[in-house]
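Peer 1: Residue numbers (numbering that gives the first Met the number 0), protein chains in the order written: chain R, 0 to 375; chain V, 0 to 188.
What the hints contain is simulated information worked out from the structure, not anything from laboratory work. Each residue gets a CB set at the ideal place from its N, CA and C atoms; glycine is no exception. Just so you know, not all the hints are guaranteed correct.
[As the list claims (entries may be wrong)] When the alpha-carbon atoms are kept at most 20 Å apart in a straight line, the in silico SDA-like pairs for lysine to any residue are as follows: (1) Lys-57/R - His-168/V; (2) Lys-240/R - Ser-98/V; (3) Lys-108/V - Gly-89/V; (4) Lys-108/V - Lys-166/V; (5) Lys-166/V - Arg-53/R; (6) Lys-126/V - Ala-216/R; (7) Lys-126/V - Ile-213/R; (8) Lys-56/V - Lys-108/V; (9) Lys-56/V - Leu-116/V; (10) Lys-126/V - Ile-352/R.
[Stated by the list, open to error] Pairwise CB distance ranges, derived in the manner of DEER restraints: (11) Lys-102/V - Asp-174/R: 39 to 45 Å; (12) Pro-55/V - Ser-186/R: 54 to 60 Å; (13) Ala-101/V - Glu-171/R: 38 to 44 Å; (14) Pro-149/V - Ala-357/R: 29 to 35 Å; (15) Ser-186/R - Asp-15/V: 54 to 60 Å; (16) Thr-35/R - Pro-55/V: 37 to 43 Å; (17) Ser-37/V - Gln-22/R: 51 to 57 Å; (18) Ser-192/R - Gln-86/V: 54 to 60 Å; (19) Thr-123/V - Ala-357/R: 34 to 40 Å.
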Amino acid sequence: MTTELAREHEYETQDIMLNMGPQHPSTHGVFRMVLTIDGEVVRDVVPYVGYLHRGAEKLCETMDYRQGIGFMDRTEYLAAFNAELSYVQAVEQVAGLEVPDRAQWIRMILCELNRLSSHFMFTGAFGTDVGVFGTAFTFSFRERENVQDLFEEVTGDRMMYAYFRPGGLAWEVTDNFEQRVHEVLASSRQGISDMDGLLSDNEIFLARTKNIGIISAEEAIEWGMSGPSLRASGVPMDIRKDEPYLKYGEVDFDVVTGETGDVFDRFRCRLDEMRQSVRIIEQCLQRLEPGPILPDRMPRMLRVPPGEAYVRTEAPRGEYGVYLVSEGGNRPYRLKIRSACLSNLQALRDMVIGNYIADAVIILGSIDIVLGEVDR
Amino acid sequence: MTNDGANGDGGDTEADEAAEREAALARTIWADVDRALSGINASPEPGALDLIVTIPKAEVVRGLRVLKDDEQLNFDYLRNLTAIDHQADGITVVYHLYSTAAKHNVTIKAVLPNGDLAVDTATTVWKAANWLERETAEMFGVRFNGHPDPRALLLPEDMTDTFPLRKDHPLAEIEALQGEGMAYAVEEE
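Produce the entire structure from the sequences given, and follow the hints as far as they go.
Peer 2: Laid out in structure tokens, this is it:
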């Protein structure tokens with residue numbers, strides 16, 4: 000009917016601008032994109048970030064090294080342990096602190112559990128983006144809740160943990176920690192298969208995600224993408240494997256990669272990565288032995304000699320880097336946080352152009368951004 | 000070594016330090032980087048994790064291009080791009096590069112003197128530099144010549160006269176207060 004009308008009156012189509020966000024449930028935080036659309040097809044997209052900018056880097060320059068830990072939590076709030084890890088490792092690198100084995104194994108367990116909880120958040124939110132409204136979200140959140148409960152038992156907080164310290168950990172884990180981790184792993188394993196069964200073979204889900212938002216390996220590297228979003232394009236880049244930190248060199252796990260680099264691959268990579276995380280945690284539990292959690296002679300006020308280090312770790316969303324420049328004293332001279340999501344988000348334009356508006360939402364969802372980390 | 004110095008044998012200590020530095024450099028990929036950067040006046044420093052190479056600002060983008068295109072070094076991935084305000088000594092722009100194939104890192108630095116805070120854009124080498132340069136530009140007041148999209152990234156569009164990450168940028172009252180509280184705690188220590 001419309002085409003007939005168009006033909007009859009020779010209507011001209013005109014591109015229109017569509018504003019999406021910053022307050023929009025499917026933009027995963029305060030993020031705005033201005034789409035230029037031709038009918039349903041996106042011709043151009045201009046992303047706007049910065050709504051959550053709190054000047055974390057500047058603030059860290061005014062705080063001592065221990066106070067900075069809390070700011071890291073508030074940047075990457077869905078994987079706060081991983082964010083803290085980069086920061087404390089940067090301080091340890093410049094200060095020359097040795098971390099006891101037990102602290103390293105516990106850090107690894109908590110970081111991998113955080114990867115699980117963060118990816119559960121992703122599968123839930125992504126399911127909602129795609130249209131599996133409700134079920135995926137509640138299933139995922141049930142599992143995420145289990146992990147959060149464990150974090151709360153260990154650190155006293157559900158989100159902003161501030162549990163890692165330069166040199167080790169703030170305090171010893173709870174007595175029943177190992178047993179609780181086993182319980183959480185059992186439920187998570189079930190949760191992962193639930194999500195797999197619910198989404199991976201669902202015909203509607205496949206129709207929405209296959210061959211949508213493709214980015215090639217070369218382009219993904221060129222844009223500086225990292226984490227599962229990069230590996231989905233078939234690049235086996237994983238800092239845990241390439242430049243092992245903590246005890247990652249001593250455990251067995253596979254780097255999961257995709258083939259085509261579409262939305263489905265980015266989902267699939269995260270799901271399979273969760274299984275690898277479970278594998279890593281199981282090995283960590285076997286190796287965990289009693290021992291100190293801080294070096295013997297820790298000063299009460301940490302003073303760091305002049306020096307600099309760019310320390311990067313594999314956070315759930317990719318490379319979370321901390322570039323620490325010290326000129327002596329008890330606070331950083333300059334602290335730069337390298338955000339994985341910021342670099343991943345740059346590539347959004349290439350992925351979205353030429354797709355439908357509805358797909359723009361799931362492509363954005365598949366990069367799994369945390370705006371707190373983008374804006375810092 | 001400190002004992003040597005106390006005995007007034009300063010010359011030896013300096014020689015030792017130089018030898019140590021040479022040995023530390025030999026453990027890095029400096030030899031390859033030096034070969035690739037032939038013709039560019041680069042000065043190396045071993046660095047705690049990665050090799051640090053300082054390149055004059057006029058040649059830095061050419062150097063980055065060479066490092067990316069060199070078959071052996073193959074720095075195809077820009078990890079990070081930022082700047083450090085050294086106050087009287089100008090602003091240093093820092094590039095962290097990585098090779099996804101060879102899995103090695105290098106840090107490139109270029110010093111911009113206070114009178115001329117501008118450097119060519121690295122977006123011609125990696126697209127990844129785009130947003131990172133926008134952020135560095137608005138936070139430090141560094142100009143990246145030839146940047147394809149020189150708008151503000153995180154800060155409001157009209158905030159063009161002040162650069163928050165410079166050392167002379169004042170803190171808000173509440174933040175300054177927290178800083179003071181810190182200084183107080185240090186003295187108690």
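Peer 1: State for each hint whether it applies.
Peer 2: How the hints compare with the structure:
For a cut-off of 20 Å, the pair hint linking Lys-57/R to His-168/V stands: about 10 Å separates their Cα positions. A hinted pair counts as satisfied when its Cα atoms are at most 20 Å apart, and Lys-240/R with Ser-98/V qualifies at roughly 14 Å. For the proposed pair Lys-108/V and Gly-89/V, the alpha carbon gap of about 12 Å is at most 20 Å, so the pair holds. Restraint check for Lys-108/V and Lys-166/V: satisfied, since their Cα atoms lie roughly 19 Å apart, inside the 20 Å limit.
Between the alpha carbons of Lys-166/V and Arg-53/R the distance comes to roughly 17 Å, so the proposed pair stays at or under 20 Å and holds. Proximity of Lys-126/V to Ala-216/R is assessed by CA-CA distance (about 14 Å); at most 20 Å being required, the pair is judged to hold. Under the criterion of a C-alpha separation no larger than 20 Å, the hint pairing Lys-126/V with Ile-213/R is consistent with the structure, at around 17 Å. Using a Cα cut-off of 20 Å, the hinted pair Lys-56/V and Lys-108/V holds, with the two alpha carbons roughly 9 Å apart.
This hinted pair checks out: Lys-56/V and Leu-116/V have alpha carbons roughly 10 Å apart, not beyond 20 Å. At roughly 17 Å between alpha-carbon atoms, Lys-126/V and Ile-352/R fall within 20 Å of each other, so this suggested pair holds. Evaluation of the 39 to 45 Å hint for Lys-102/V and Asp-174/R yields a pass: the beta carbon distance comes to about 41 Å. For Pro-55/V and Ser-186/R, the Cβ-Cβ distance of about 58 Å falls inside the hinted range of 54 to 60 Å, so the restraint holds.
Roughly 41 Å separates the CB atoms of Ala-101/V and Glu-171/R, a value that falls within the hinted 38 to 44 Å. Taken as a hint, the range 29 to 35 Å holds for the pair Pro-149/V and Ala-357/R, whose Cβ atoms sit roughly 33 Å apart. Between Ser-186/R and Asp-15/V the beta carbons are some 59 Å apart, a value that agrees with the proposed interval 54 to 60 Å. Checked against the given bound of 37 to 43 Å, the beta carbons of Thr-35/R and Pro-55/V, roughly 42 Å apart, stay inside it.
Between Ser-37/V and Gln-22/R the C-beta distance comes to about 54 Å, which sits within the given range of 51 to 57 Å. Hint check: Ser-192/R to Gln-86/V, Cβ distance near 57 Å, so the stated range 54 to 60 Å holds. Taking 34 to 40 Å as the suggested C-beta distance range, the pair Thr-123/V and Ala-357/R conforms, at roughly 35 Å.
Consistency note: the structure conflicts with none of the earlier hints.
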